[in-house]
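Trainee: Sequence:
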Amino acid sequence: MKNSLIFAAAFAASVCAGSTAFAQDKPQDRPYDGVTIHVGTQSSQWADVFKKMAPEFTKETGIKVEFEDISFDVMYEKLKTTFIGGAPTYDLVWYDTMWTPEFSKSGWIRDLTPYLSDPKLTPANFGYPNAFYATEISGGYAKDNAWKLPAGTYGIPWIAGFNPLYYRTDLLKKAGFDKPPATMDDLLKYAKAMNDPKDGVYGYVMSAKQPRIVYDWSGYLWTYGGDFFDKNFKPIFNSPQGVKALETYIALGKLSPPGVGAYHITEEWTSFMQGHAAMAWTFQDLASVARKDSKIIDKFECAPPVSEGGPRVSLLAGITASIPTSAANPQAAYLFAVWAQSAERAKAATLQGAMSWRKSIYNDPDVQAMYPSVRNDIPAKTIETARPVPLIPEWAAVDQIIGEQLSAAFAGTKTPKAALDEAATRVASYMKDAGY
0 MKNSLIFAAA
10 FAASVCAGST
20 AFAQDKPQDR
30 PYDGVTIHVG
40 TQSSQWADVF
50 KKMAPEFTKE
60 TGIKVEFEDI
70 SFDVMYEKLK
80 TTFIGGAPTY
90 DLVWYDTMWT
100 PEFSKSGWIR
110 DLTPYLSDPK
120 LTPANFGYPN
130 AFYATEISGG
140 YAKDNAWKLP
150 AGTYGIPWIA
160 GFNPLYYRTD
170 LLKKAGFDKP
180 PATMDDLLKY
190 AKAMNDPKDG
200 VYGYVMSAKQ
210 PRIVYDWSGY
220 LWTYGGDFFD
230 KNFKPIFNSP
240 QGVKALETYI
250 ALGKLSPPGV
260 GAYHITEEWT
270 SFMQGHAAMA
280 WTFQDLASVA
290 RKDSKIIDKF
300 ECAPPVSEGG
310 PRVSLLAGIT
320 ASIPTSAANP
330 QAAYLFAVWA
340 QSAERAKAAT
350 LQGAMSWRKS
360 IYNDPDVQAM
370 YPSVRNDIPA
380 KTIETARPVP
390 LIPEWAAVDQ
400 IIGEQLSAAF
410 AGTKTPKAAL
420 DEAATRVASY
430 MKDAGY
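Start counting the sequence shown at 0; every next residue gets the next number (numbering that gives the first Met the number 0).
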């Protein structure tokens, strides 16, 4: 209860402070008073946080905000269809960073560079890009970027996504371990030792549902020294390292709760927070879910990802906010984006379960009290060595091809080697047709 009161007080103070800061930086008139902006957002706890905050923005600016929740499973196709149609359906979209390369190269989202340089639209203290992590995966492309994407800024980092290792401190101690696992072999060893299905506790939990399985598996691939492509974009994920990564992934799946192959992120997090799993290598904001109902709030901590004699490599991902080219009210939508990601509101949203990429929150004591994933040196050891999936416009199709085969191997209908070989053959054909 004490922690809940601290978080509530911090949230309220942050919102009040944020209102003052924004009011000082915005124009004194309200040029968009009465305008309604339409936001297409991935259905999530994160979207719910900003829905609660939006009325304050409306009070300050006169801009009304209407949200449309879109399931992750259908979001890519829905956004793509909307963009191709050219209708002014959305003024702002929040979506997975892996799609930004395709959306920007296709001309479906706006370059925000002119907005960022306009003092009437961007408060002087907004601080982009230096005040944020992960700008390079959120559409901030340099002229010499390796993926040959259009230079500019096609999105604002919205929700953070990096993967530390969550573990139950009480179960580790009970199993005779005095520190978290450091290698993949340790990870399997610990999971086996703490696996106790009769007591309703499993050694591990993951989000192995297609279409998230490639995201989830990528860290295993990189940790073993594998990769998706070589420098010429030829698929190499079916290498011995890739096979080993998939074998380990499947082995950990067998130490997870029944039905884990149908787990999305929310099911993974909820399982851990309800005490059904000893470890989870997952996104940093797991601790923001099910806090009120959880019985393990004081029984878990975070560690950096495991390694295999090299760097600790995990997934760098998240949610990006972009303005469609077809937006009817792009300036008003942009004002909402910078308002929502101001320093004060970034903290307020983070304390409500929507962790920002804004760097200032990672040293904030209130945030650290809520999230063990930002304590000590975990962000530095995780974010600085993390990497995104390949930032290519073709990734959505590649992800689907690989994901189908990973799911087959996970279900036991194919061997890891056969599944990866099939995926590599199909990806090679697809990439050739795409001009690589």
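These aren't lab readings, by the way, just hints derived from the structure by calculation.
Computed from a predicted structure; not experimentally measured.
Heads up, some of the hints might be wrong.
Stated by the list, open to error - Cross-link-like lysine-lysine pairs, in silico, DSBU-like; alpha carbons within 30 Å at most:
id : residue 1 : residue 2
1  : K298      : K188
2  : K119      : K104
3  : K119      : K63
4  : K191      : K172
5  : K294      : K188
6  : K142      : K380
7  : K291      : K50
Said to hold, decoys possible - Computed spacing ranges between beta-carbons, pair by pair:
id : residue 1 : residue 2 : range
8  : A145      : E266      : 20 to 28 Å
9  : G85       : D117      : 45 to 53 Å
10 : K230      : E59       : 19 to 27 Å
11 : D177      : P87       : 26 to 34 Å
12 : G175      : T112      : 54 to 62 Å
13 : S359      : T57       : 42 to 50 Å
14 : W146      : G175      : 26 to 34 Å
15 : T324      : Y429      : 40 to 48 Å
16 : A250      : A379      : 45 to 53 Å
17 : G61       : T324      : 19 to 27 Å
18 : P196      : S428      : 40 to 48 Å
19 : W146      : D47       : 30 to 38 Å
By construction, the Cβ of each residue, glycine as well, lies at the ideal position given by its N, Cα and C atoms.
Trainee: Run every hint past the structure and note whether it holds.
Mentor: Evaluation of the provided hints:
1. This hinted pair checks out: K298 and K188 have alpha carbons roughly 20 Å apart, not beyond 30 Å.
2. The hinted pair formed by K119 and K104 meets the criterion: a straight-line CA distance of about 28 Å does not exceed 30 Å.
3. A C-alpha spacing of about 19 Å is found between K119 and K63, which places the hinted pair at or below 30 Å, so the restraint holds.
4. Note on K191 and K172: the hinted pairing holds, with a Cα-Cα distance of about 14 Å set against a maximum of 30 Å.
5. Simply put, K294 and K188 have alpha-carbon atoms about 25 Å apart, close enough for the 30 Å limit, and the pair holds.
6. Proposed proximity of K142 and K380 is supported: the alpha carbons are some 28 Å apart, at most 30 Å.
7. The hinted pair formed by K291 and K50 meets the criterion: a straight-line CA distance of about 21 Å does not exceed 30 Å.
8. Hint check: A145 to E266, Cβ distance near 35 Å, so the stated range 20 to 28 Å is violated.
9. Hint check: G85 to D117, Cβ distance near 25 Å, so the stated range 45 to 53 Å is violated.
10. At roughly 49 Å, the beta-carbon separation of K230 and E59 lies outside the given 19 to 27 Å, and the hint is violated.
11. In this structure the supplied range 26 to 34 Å is violated for D177 paired with P87, their Cβ-Cβ distance being about 59 Å.
12. Between G175 and T112 the Cβ separation comes to about 56 Å, which falls inside the hinted range of 54 to 62 Å.
13. In this structure, S359 and T57 break the distance hint of 42 to 50 Å, their C-beta atoms being roughly 25 Å apart.
14. In this structure the hint that W146 and G175 lie 26 to 34 Å apart at CB is violated, the actual value being about 47 Å.
15. Roughly 26 Å separates the CB atoms of T324 and Y429, a value that falls outside the hinted 40 to 48 Å.
16. Taking the beta carbon of each, A250 and A379 are about 30 Å apart, not inside 45 to 53 Å as hinted.
17. Here the CB-CB span from G61 to T324 is close to 25 Å, well matched to the stated 19 to 27 Å.
18. At roughly 42 Å, the beta-carbon separation of P196 and S428 lies within the given 40 to 48 Å, and the hint holds.
19. In this structure the hint that W146 and D47 lie 30 to 38 Å apart at CB holds, the actual value being about 33 Å.
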